[in-house]
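Dock chain B against the given chain A, drawing on the hints supplied.
Residue numbers (my numbering), protein chains in the order written: chain A, 1 to 82; chain B, 1 to 153.
Derived by calculation from the structure, the hints in this document are not laboratory data.
This one's a predicted model, so the numbers in the text were calculated from it and none came from an experiment.
All clues given are correct.
Partial list, computed: chain A residues near chain B (C-beta under 10 Å):
1. Asp13
2. Ala18
3. Ile70
All residues carry an ideal CB built from backbone N, CA and C; glycine is no exception.
Here are the chains, one letter per residue:
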Amino acid sequence: MPEEETLLKNLKDYEKNAEWFSANYLEIAKKYEGKTVAVKDQRIVAIKSTLDETLKKFELEEEDISSIYIATIPEKAIAFIL
Amino acid sequence: MKIPLRVHKQFDELMVSATAIVKAPHVRRPLPLEFLVDTGSPWIALAPRDVKKTNIPISVLKKPTKYVTILFAGAKFWRYLLENASVYLVDELGKMVKIDLPMVSVLWPTKGKPEEFDSIPSVLGCDFITIGEFHLHFDPSNATAFLEKPEKQ
Numbered sequence: 001m002p003e004e005e006t007l008l009k010n011l012k013d014y015e016k017n018a019e020w021f022s023a024n025y026l027e028i029a030k031k032y033e034g035k036t037v038a039v040k041d042q043r044i045v046a047i048k049s050t051l052d053e054t055l056k057k058f059e060l061e062e063e064d065i066s067s068i069y070i071a072t073i074p075e076k077a078i079a080f081i082l
Numbered sequence: 001m002k003i004p005l006r007v008h009k010q011f012d013e014l015m016v017s018a019t020a021i022v023k024a025p026h027v028r029r030p031l032p033l034e035f036l037v038d039t040g041s042p043w044i045a046l047a048p049r050d051v052k053k054t055n056i057p058i059s060v061l062k063k064p065t066k067y068v069t070i071l072f073a074g075a076k077f078w079r080y081l082l083e084n085a086s087v088y089l090v091d092e093l094g095k096m097v098k099i100d101l102p103m104v105s106v107l108w109p110t111k112g113k114p115e116e117f118d119s120i121p122s123v124l125g126c127d128f129i130t131i132g133e134f135h136l137h138f139d140p141s142n143a144t145a146f147l148e149k150p151e152k153q
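This is chain A alone, in the form it adopts within the complex (with noise of 0.2 Å):
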């Protein structure tokens, strides 16, 4: 596939899961607070302690995270204000 396509085929998949994630943001927030969630193909895939962790996870699976929406959930108390 011409590199152009996939990186708009990246992008709309990633929407998709980003999309489910913000629709069910606060069942997922309430049952992984501080967790780093990954979603792909509209479903939670892992959720582990932290970013690195999850990247981590994926390498050693060579796993193409090009289309997959990973988030680390906030502490409730925290908010940005950027």
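Structure of chain B alone, referenced to chain A:
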């Protein structure tokens, strides 16, 4: 041309995010990232979490002559420069849009463990909106947002 943005809530806080890929020399793994649209930021900037995801080697990046350190999300960060970058997004018709930028800022904490900052998002700042010649539309009441580039006559 319009680029839809995602309006979502993190706990009770409303946020507007864009999905984009940054390609540049030293980006070893160009993959989609989530950017918070932040008109309070002068620059598009990659947060530490996305530096890790894209496997950017911080040590080879240049430091700017101005604003070497910045305050962001209550912490202090070194600012590095990812030069000659291209940012890819998807428009409302499902077509890819590419915006070339002279640089993207890369943030790394001046102290503390990088994993302490893994919740902090990358930001899509004013340089991206300006160089891309976008208008930013945000309607929080209807939870809609998009970047729009008017057609040139």
